[in-house]
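Colleague: Residues per chain, in single letters:
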Amino acid sequence: MSTFLLSVLQAVLLVLFAPIAAGFVATCKARLQNRRGAGVLQPWRNLRKLFAKEVVLAEHASWIFRSAPYIVFTATVMAASCVPAVLVDTPLSLTADVIALVALLALGRFFLALAGMDIGTAFGGMGASREMTFSALAEPAMLMSVFVLSLGAQSTNLTTMIHYTLATSFALQPSLAFALAAMLMIAIAENGRIPIDNPTTHLELTMIHEAMILEYSGRHLALMEWAAMVKLTLFATLIVDLFMPWGMATEISAGAIALGLSLWIGKLILLLLALALVETGLAKMRLFQVPEYLSGAFVLAFLGLLAHYMLEIGA
Amino acid sequence: MTSALIQQLIDGMAALMLLVSFALLAQHRLLSVLHWFATQGVLLAVTAAIVGYGSHNHELYISALLTLLLKGVLLPWLLWRVIKRLHVHREVEPLVNMPITMLIALLVTLFSFHLIQPIERTSVLLTRDSMAIATACVLLGMLMMITRKKAVTQVVGFLAVENSLFFAAIGSTNGMPLVVEIGVAFDVLIAALIFGLFFFQIRETFDSLEVDIMQSHLLKQEDDE
Numbered sequence: 001m002s003t004f005l006l007s008v009l010q011a012v013l014l015v016l017f018a019p020i021a022a023g024f025v026a027t028c029k030a031r032l033q034n035r036r037g038a039g040v041l042q043p044w045r046n047l048r049k050l051f052a053k054e055v056v057l058a059e060h061a062s063w064i065f066r067s068a069p070y071i072v073f074t075a076t077v078m079a080a081s082c083v084p085a086v087l088v089d090t091p092l093s094l095t096a097d098v099i100a101l102v103a104l105l106a107l108g109r110f111f112l113a114l115a116g117m118d119i120g121t122a123f124g125g126m127g128a129s130r131e132m133t134f135s136a137l138a139e140p141a142m143l144m145s146v147f148v149l150s151l152g153a154q155s156t157n158l159t160t161m162i163h164y165t166l167a168t169s170f171a172l173q174p175s176l177a178f179a180l181a182a183m184l185m186i187a188i189a190e191n192g193r194i195p196i197d198n199p200t201t202h203l204e205l206t207m208i209h210e211a212m213i214l215e216y217s218g219r220h221l222a223l224m225e226w227a228a229m230v231k232l233t234l235f236a237t238l239i240v241d242l243f244m245p246w247g248m249a250t251e252i253s254a255g256a257i258a259l260g261l262s263l264w265i266g267k268l269i270l271l272l273l274a275l276a277l278v279e280t281g282l283a284k285m286r287l288f289q290v291p292e293y294l295s296g297a298f299v300l301a302f303l304g305l306l307a308h309y310m311l312e313i314g315a
Numbered sequence: 001m002t003s004a005l006i007q008q009l010i011d012g013m014a015a016l017m018l019l020v021s022f023a024l025l026a027q028h029r030l031l032s033v034l035h036w037f038a039t040q041g042v043l044l045a046v047t048a049a050i051v052g053y054g055s056h057n058h059e060l061y062i063s064a065l066l067t068l069l070l071k072g073v074l075l076p077w078l079l080w081r082v083i084k085r086l087h088v089h090r091e092v093e094p095l096v097n098m099p100i101t102m103l104i105a106l107l108v109t110l111f112s113f114h115l116i117q118p119i120e121r122t123s124v125l126l127t128r129d130s131m132a133i134a135t136a137c138v139l140l141g142m143l144m145m146i147t148r149k150k151a152v153t154q155v156v157g158f159l160a161v162e163n164s165l166f167f168a169a170i171g172s173t174n175g176m177p178l179v180v181e182i183g184v185a186f187d188v189l190i191a192a193l194i195f196g197l198f199f200f201q202i203r204e205t206f207d208s209l210e211v212d213i214m215q216s217h218l219l220k221q222e223d224d225e
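Keeping their order, the protein sequence lines are chains A and B.
Be aware that the first sequence starts at 1, since it is given in our numbering, and climbs by one per residue.
Be aware that the second sequence starts at 1, since it is given in our numbering, and climbs by one per residue.
Rather than coming from a laboratory, the hints here were simulated on the basis of the structure.
Just so you know, not all the hints are guaranteed correct.
Unchecked claim - Residues from chain A shown here face chain B by an in silico Cβ test under 10 Å; the list is partial:
hint, residue
1, 34
2, 37
3, 47
4, 51
5, 174
6, 292
7, 307
8, 309
Computed from a prediction, not measured in an experiment: that's the story for all the values here.
For each residue, glycine too, the CB sits at the ideal point set by N, CA and C.
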């Protein structure tokens with residue numbers, strides 16, 4: 001019972017922490033650009049403001065448009081609850097493996113795209129079509145890079161994979177380096193961060209995510225944005241789980257959980273700092289180069305798979 | 001250093017070699033092609049040094065140094081000078097578009113891995129794992145020669161094939177005798193110089209470095225006759 005409680009707590013923590021993580025990235029970016037920034041709590045203030053505002057609906061909005069924010073948010077939160085953040089053995093992560101995780105994210109994306117098209121504006125349709133085009137390329141690459149790790153652990157279950165990584169001694173494994181590089185590229189693309197999409201602009205012709213949620217307001221918009229923030233934290237946690245799970249709590253004791261929690265936050269801060277650096281250093285890519293970027297990620301993940309066969313079990 | 005660590009380092013270098021071969025194929029600009037080609041030369045030199053350390057074969061240090069100077073610095077610089085002198089259009093022009101080239105490259109890699117697997121089981125060398133990757137790199141260099149329109153990129157493909165053959169030699173035999181290696185190194189240098197001259201000649205005769213144009217030019221000559 002206590003593991004169940006802890007796993008729920010862990011998911012709630014991840015969801016509540018997500019806006020702060022987004023605020024952290026924004027603040028780091030601001031500092032890197034010689035601005036003061038609005039502080040790490042700004043996304044929370046935005047969300048509170050949006051929840052208090054009334055919802056303005058377009059005349060032709062159908063039930064899809066109205067229910068999409070709830071579906072997207074629920075799917076993302078469910079996905080977040082299958083990712084172990086502090087504790088390795090959680091009941092929820094035992095029921096869902098990585099494929100289910102990707103499917104949950106795809107469900108959210110499907111409704112996001114539907115909602116984008118439902119209202120009938122040009123921007124919504126454009127954003128939806130772009131999102132689906134890119135996700136069709138990003139999803140196989142993401143699965144492929146997870147499979148590199150699954151091959152070693154012989155399971156697609158996150159908990160089993162983490163246990164396997166914790167049990168094996170550290171070695172230079174080229175396949176993991178390839179998989180990590182592919183995963184980082186995919187994480188940037190999936191979260192619509194800078195070389196692919198710019199999360200801070202509205203009304204730019206190259207926007208993807210913002211184009212789909214352009215018509216939302218009030219609590220609907222709040223849920224959509226919150227879901228996007230949760231997704232960012234989810235991907236960062238997933239990368240931590242898959243590639244650097246050292247120090248995660250394998251047993252339930254106050255000391256192990258405290259250590260796991262502080263290490264999780266430390267690793268997240270490192271990853272988000274790296275993201276802020278990337279976003280400050282790079283310019284946005286031309287839209288037509290994105291498929292090439294994503295197929296590059298796929299090639300990297302596939303090379304990881306081949307390197308695993310050739311260099312690590314072939315011997 | 002333990003032999004396990006050296007083994008891992010060599011595996012890592014092999015993986016980087018494969019990555020660089022893919023990067024060579026994926027570039028859009030001639031300048032970045034040359035950068036990656038130089039990177040490949042440096043990687044090769046580092047691998048030779050590591051294998052030399054691991055197998056206590058100190059001749060390999062000399063060939064590592066030679067590789068670094070020749071393939072890491074001199075050849076890319078020579079090619080760069082040729083490109084600058086000839087005012088070649090600085091974009092790579094592939095015959096097949098990039099994503100499809102990448103897919104073909106993946107298939108080629110898969111094929112060579114499949115091919116080498118039975119040979120690998122019989123080998124006992126420190127570097128046996130890198131053989132498949134060396135084969136894949138040879139085939140990728142060939143793919144680069146096949147799918148590019150311009151003579152310059154085709155020559156880079158040829159030199160990349162030579163690099164991978166050298167990598168295969170380090171991997172499968174712990175390095176060739178030094179005399180052979182020095183001979184091959186000078187051969188490659190001379191080849192590059194001759195290629196350079198050829199570029200000037202081709203350019204003067206056909207006004208272009210594109211292989212297709214040469215062919216159509218020849219066909220036209222035949223028609224005239």
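Colleague: The structure should be examined with respect to each hint, and the outcome stated for every one.
Modeller: Comparing the hints with the structure gives:
The interface hint given for residue 34 (chain A) is broken, as the beta carbon of that residue sits about 31 Å from the closest beta carbon of chain B, more than 10 Å. The closest approach between the C-beta of residue 37 (chain A) and any C-beta of chain B is roughly 35 Å, which is over the 10 Å cut-off, so the hint fails. Interface restraint check: residue 47 (chain A) against chain B, minimum CB-CB distance 39 Å, threshold 10 Å, status violated. Checking residue 51 (chain A) against chain B by beta carbon gives a least distance of about 43 Å; that is not within 10 Å, so the hint is violated.
Checking residue 174 (chain A) against chain B: minimum C-beta separation of about 3 Å stays under 10 Å; hint holds. This hint holds: residue 292 (chain A) has a C-beta 6 Å from the nearest C-beta of chain B, less than the 10 Å allowed. Hint on residue 307 (chain A) holds. Least Cβ distance to chain B is approximately 5 Å, under the 10 Å limit. Nearest Cβ of chain B to the Cβ of residue 309 (chain A): about 7 Å, under the 10 Å cut. The hint holds.
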